[in-house]
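Let the sequences and hints guide you as you build the complete structure.
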Amino acid sequence: MTTKTSPQTEFQRLYTGRVWSVLGWDQLTAFWQRIDPGAGWYLQAVGVPPALTSAADAATVSAFISRIDVLLRADHHESYCGIVYADDLENPRLIKIYDPNNLGSSCGSSKNPPGPGWIMSRVKPDPIIASRPAPESRKRWWQALLGDS
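Going by this note's numbering, the sequence shown opens with residue 606, and the numbers climb by one from there.
Hints were generated in silico from the structure; no laboratory data involved. Heads up, a few of these hints could be off.
As the list claims (entries may be wrong) - Taking CB as the label site, the calculated pair distances span:
no., residue 1, residue 2, range
1, Gly622, Glu741, 29 to 39 Å
2, Trp625, Glu683, 10 to 20 Å
3, Ala663, Gln748, 18 to 28 Å
4, Ala749, Arg623, 26 to 36 Å
5, Asp680, Ser736, 10 to 20 Å
6, Thr614, Tyr685, 28 to 38 Å
7, Leu628, Ala679, 11 to 21 Å
8, Arg639, Arg672, 12 to 22 Å
9, Leu628, Thr658, 13 to 23 Å
10, Gly643, Gly752, 15 to 25 Å
From the three backbone atoms N, C-alpha and C, an ideal C-beta is built for every residue, glycine too.
The structure is reproduced here in structure tokens:
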């Protein structure tokens with residue numbers, strides 16, 4: 606008996622595919638510098654209704670990178686980063702950023718590891734169902750970034 610599966614979208618292939626971790630804070634600094642803000646990035650906060658239906662402009666992407674970097678460094682009290690992942694560390698098309706306040710058990714070894722808090726994608730994203738709603742503080746952070754506050 607064969608099972609018929611629906612074809613995956615390009616976003617789903619990227620989202621469920623192999624990703625590489627940005628391990629060190631110095632590596633994260635260098636990683637952000639390789640991101641072209643004008644490359645057509647879609648920004649998504651998981652667990653927050655999508656506010657952007659098209660790729661963000663370069664100024665919004667730059668603001669997001671700057672603010673997410675500050676948030677990660679302030680809230681992730683470790684000597685290493687390890688919470689930013691990309692499909693390609695040199696020329697990424699998909700970046701998963703995990704919320705330091707929702708990491709669950711280490712190394713994703715739990716039966717239900719947490720999903721990312723934010724996604725940057727150069728491919729239009731499919732809706733992502735959050736394992737839990739985003740905290741109100743993260744929703745306000747996101748809305749302030751987009752100028753909706």
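Status of the hints after comparison with the structure:
One distance hint, 29 to 39 Å for the beta-carbon pair Gly622 and Glu741, holds here, with the actual separation near 32 Å. Distance hint check: the CB atoms of Trp625 and Glu683 are about 18 Å apart, consistent with the given range 10 to 20 Å. Checked against the hint of 18 to 28 Å, the pair Ala663 and Gln748 passes, with Cβ atoms roughly 20 Å apart. Restraint check, Ala749 to Arg623: a C-beta distance of roughly 33 Å satisfies the suggested window 26 to 36 Å.
In this structure the supplied range 10 to 20 Å holds for Asp680 paired with Ser736, their Cβ-Cβ distance being about 19 Å. Checked against the hint of 28 to 38 Å, the C-beta distance between Thr614 and Tyr685 comes to roughly 33 Å, which is consistent with it. Separated by about 19 Å at the C-beta atoms, Leu628 and Ala679 satisfy the suggested range of 11 to 21 Å. The hinted range of 12 to 22 Å is satisfied by Arg639 and Arg672, whose Cβ atoms lie roughly 18 Å apart.
Checking the proposed 13 to 23 Å range against Leu628 and Thr658 shows it is violated: the Cβ atoms sit about 34 Å from each other. A C-beta distance of roughly 19 Å is found between Gly643 and Gly752, which places it inside the suggested range of 15 to 25 Å.
Violation of the numbered hints given earlier is confined to hint 9; every other hint is satisfied by the structure.
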